[in-house]
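Residues per chain are reported as follows:
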Amino acid sequence: MHDLISPPSGGIALADRLAAIRASHPTPDPSAVEDVVRAVLLTMTGDLTAQESSLLAEVEELGKTIASAKAEIAALRVDDITISHIPFATDELDAIVAHTASATHAILESCEVLDDAASATTGEVSARLQDATTKIYEACSFQDITGQRITKVVTTLKAIEAKVAQIVSTFGVGGGSIDDVVAVSMGEDELLNGPQLPALAMDQSDIDKLMASFD
Amino acid sequence: MPIDKAMNILIVDDYKTMLRIIRNLLKQIEFNNVEEATDGSEALLKLRSGSYGLVISDWNMAPMTGLQLLQEVRADDRLKATPFIMITAESKTENVVAAKQAGVSNYIVKPFNAETLRDKIEKVLGHA
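Residue numbers (the numbering used here), protein chains in the order written: chain Y, 1 to 215; chain R, 1001 to 1128.
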């Protein structure tokens, strides 16, 4: 059998050439694989051994799988996700933030008027008014918390958008390109995670116990 | 000795609504000399050019976070004794530990209520 690994006299070994090709094309391109499979099939002639037939069947199956995946991805119109669905969702979330900010501003304006009125009176009425305005101020902090939660959702949506664009680009369907997608930085400082879900979060008494443990 | 209600307090948060809420809650407990900053860098400039008896800061801000502000304050000879309360939605154990290691005076998790704010202020000012 002809030795494909050893170099012909004065030539470069196949292993070295393959290594050089791998270095220049670190990410396999499904279209290129498909082309190679087709080229191999077209050049095979003569009788095949059982092992070669088995290998041929596997290579053929690989080619079919790639073609099928491309067709399925194209049918899903995944580029709609990056072109319309995710931008629509993030715009809606931005609108929620803007509306709640506006509403919170209006609530605080009115609350400050009530607070001033409370200061102008004395006794039980003043105390009740101030108690009510305190509760309104406390409740208005929801806008900060929901804003942070929405920011986390938008970051997640943008990460999904980038992944979808990468799939579309890799399989060459839908016309999208990873370069068209805004780069998403997930490298946020590990300590900055925003609000935790209530079931997972420590409450103020947990924080107090932890703080006290340092004393 | 009673708490000096005339002291200057610096509140730091990148959310203007939160600044407004904290300012109003402080006003209700008779702290009227309150100044605001919207990130750590602005806060540090104000601290270095003024005199404050207490800093109340959010954590998650850019470009300088509340933790970085705290570290800068503790590294500054003139500012290092200033009481510093962190108010944040970051409520993981590692956050509290990191803040404590950096020298935080107390830690309040959002959402918080007026009673918690009053209680922590009294504690850090040594009157609890």
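Honestly, I wouldn't trust all of these hints.
[Stated by the list, open to error] The calculated label-pair distances, taken between Cβ atoms and stated as ranges, are:
no.: 1; chain 1: Y; residue 1: Ala75; chain 2: R; residue 2: Glu1094; range: 17 to 25 Å
no.: 2; chain 1: Y; residue 1: Thr155; chain 2: R; residue 2: Pro1002; range: 45 to 53 Å
no.: 3; chain 1: R; residue 1: Arg1048; chain 2: Y; residue 2: Val125; range: 43 to 51 Å
no.: 4; chain 1: Y; residue 1: Lys135; chain 2: R; residue 2: Arg1048; range: 30 to 38 Å
no.: 5; chain 1: R; residue 1: Ala1075; chain 2: Y; residue 2: Arg22; range: 32 to 40 Å
no.: 6; chain 1: R; residue 1: Gly1050; chain 2: Y; residue 2: Ser213; range: 55 to 63 Å
These aren't lab readings, by the way, just hints derived from the structure by calculation. Cβ coordinates follow ideal geometry from the N, Cα and C atoms, glycine included.
Hints versus structure:
1. Y:Ala75 to R:Glu1094: 17 to 25 Å: The hinted range 17 to 25 Å is violated for Ala75 (chain Y) and Glu1094 (chain R), with Cβ atoms some 46 Å apart.
2. Y:Thr155 to R:Pro1002: 45 to 53 Å: At roughly 47 Å between Cβ atoms, Pro1002 (chain R) and Thr155 (chain Y) fall inside 45 to 53 Å, so the hint holds.
3. R:Arg1048 to Y:Val125: 43 to 51 Å: Since the Cβ atoms of Arg1048 (chain R) and Val125 (chain Y) sit about 44 Å apart, the hinted range of 43 to 51 Å holds.
4. Y:Lys135 to R:Arg1048: 30 to 38 Å: holds (37 Å)
5. R:Ala1075 to Y:Arg22: 32 to 40 Å: Given range 32 to 40 Å: violated, Cβ gap about 50 Å.
6. R:Gly1050 to Y:Ser213: 55 to 63 Å: violated (34 Å)
Hint violations for this structure: numbers 1, 5 and 6, all remaining hints satisfied.
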